[in-house]
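Trainee: Chains as they are written, first to last, in the UniProt record's numbering: chain A, 1 to 247; chain B, 1 to 233.
Incorrect hints may have been included.
If you only want the chain A side, here are some residues facing chain B, beta carbon under 8 Å, derived [unchecked claim]:
no.	residue
1	Gly72
2	His86
3	Ser89
4	Asp92
5	Gly93
6	Val105
7	Ile129
8	Ala156
9	Asp206
10	Asn215
11	Arg240
Below, a list of computed lysine-lysine pairs in the PhoX-like style, where the Cα atoms sit at most 20 Å apart [stated by the list, open to error]:
no.	chain 1	residue 1	chain 2	residue 2
12	A	Lys21	A	Lys91
13	A	Lys21	B	Lys104
14	B	Lys109	A	Lys91
For the chain A half of the interface with chain B, some residues (derived, Cβ under 7 Å), not all of them [what the hints assert, rightly or not]:
no.	residue
15	Asn65
16	Asp94
17	Ala207
I should point out that these hints are in silico values taken from the structure, not numbers from a laboratory.
We put the CB at the ideal spot given by N, CA and C, even for glycine.
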Amino acid sequence: MRLTLNIWRQRDAASAGSMQKYELDGVSEDMSFLEMLDVLNEQLNEQGEEPVAFDSDCREGICGNCGLMINGQAHGPEVTTTCQLHMRSFKDGDDITIEPWRSDVFPVLRDLIVDRSAFDRIIQAGGYISANTGSAPDAHAAPVEKKKADRAFDVATCIACGACVAACPNGSASLFMGAKITHLGELPQGQPERYDRVVNMVGQHDAEGFGGCTNIGECTAACPKEIPLDVISQLNKDLRTALKQGR
Amino acid sequence: MATPTLVKGARATRSTVALKIVMAVSGLVFIGYVLAHMYGNLKAFAGHDAFNDYAHHLREFGEPLLPHEGFLWVMRLLLIVALIAHVASAYALWRRAAKARTVKYQVKKNQSSSLSSRTMRWGGLALLLFIVWHLLNFTVPKVNPDGGPTDDPYNLMVDTFDVWWMTVIYLLAMLALGFHLHHGTFSAIQTLGFTNTASSRARAKQAGWVLAVVIAGGFSLVPLSVLAGIIEK
């Protein structure tokens, strides 16, 4: 298939960027989206042009490193990560617009690569549990109700790719935070720090400059791991409890 | 904008979520108020005297325990406080959102958000303008299209809705109110943390539909009935 690609090109964080048009022929529908970009970069290399910089690591949908805004949708038209999106989701002759995540908290480092370290700091602020070192406790030492274990596991699938922020019109990271808060809050190991966790994570989130949540649900629609909107309700509930406790 | 350091001494009261809770609670106050207001408006179907008696009783409500118009002033103060809280929080969150993405996308698709959820801010602003107009129309100077102020609320209402453009403004405002309630109700319930399962979320969304249709529809019945000649002087 033959494609016309509109790609955001930006030399570095300090430079201004712009959209550039590329024609790409011979794309197989079995290629992943990133493989298609690899082909483009080979072509650019041959022409002596600077290849397009983009993030990728595992290329199997579990590391959360790749993430592109494809035709106005985070990770493109399918419910999956960019690396697991295949060109069969597109048609011959398509125009594809590829942009980096847009958030002032995720500055563009180069072309399609953004700095998502704000997520790391939110995790540092509260997305952890304190555990004694030493030999691992027996697996059945801390019983967990099946329903809670399931919910914790479902939301623990969040890979912190940043699609929720990219899709949110307010640039809020509430779905990401909610996933972490729900994941740890459902488990007994997460209880001691539960209400400080929500205050510290939200405090970091706000200081980073992410927007507030308006519950419109674009985040959950864009999430490659289908994290549901109810994690944001859980976050709100935990924060409300923290308010009551005067934290 | 991103900060390279960890925040120390974060407080729940200073968070964006606290601002959202303020919006949710003040919004619920408005929902309670518009329901009561709608009940009063529907008295128009009971005729001139019933409508005016109801308006008069609102001023005498709670007497002699409360002074004349005491109940009304308690309500007004509550609404003014709620309005200031609602608008101030909305403004703060709007500004934050604008700063969070200063470089816009060339292409951006909305995948699942409702039109009502995406029009909350401008729709809210439209409602604020309407409230000013509505108070000029019916409360403070009582602009009577037939000329001069009047103390007869029923006649003022019928005269108002006999003017086509006043009816149009009112109906458009009710459309905006319906939109605002449709998302606002769900959003308030979610912000207060009562939608922790898929089924409770579905119920909260249904509540948004019900309130939007009942309240916007209930208010619209009166001007439409004036238009149809069902309610007349």
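Trainee: All the hints need checking, so say for each whether the structure fits it.
Mentor: Hint-by-hint comparison with the structure:
no., hint, result
1, Gly72, "holds, 4 Å"
2, His86, "violated, 19 Å"
3, Ser89, "violated, 14 Å"
4, Asp92, "violated, 20 Å"
5, Gly93, "violated, 17 Å"
6, Val105, "holds, 5 Å"
7, Ile129, "violated, 17 Å"
8, Ala156, "violated, 16 Å"
9, Asp206, "holds, 5 Å"
10, Asn215, "holds, 4 Å"
11, Arg240, "holds, 5 Å"
12, A:Lys21 / A:Lys91, "holds, 18 Å"
13, A:Lys21 / B:Lys104, "holds, 19 Å"
14, B:Lys109 / A:Lys91, "holds, 18 Å"
15, Asn65, "violated, 18 Å"
16, Asp94, "violated, 13 Å"
17, Ala207, "holds, 5 Å"
Violated hints, listed in ascending order, are 2, 3, 4, 5, 7, 8, 15, 16; each of the other numbered hints is respected by the structure.
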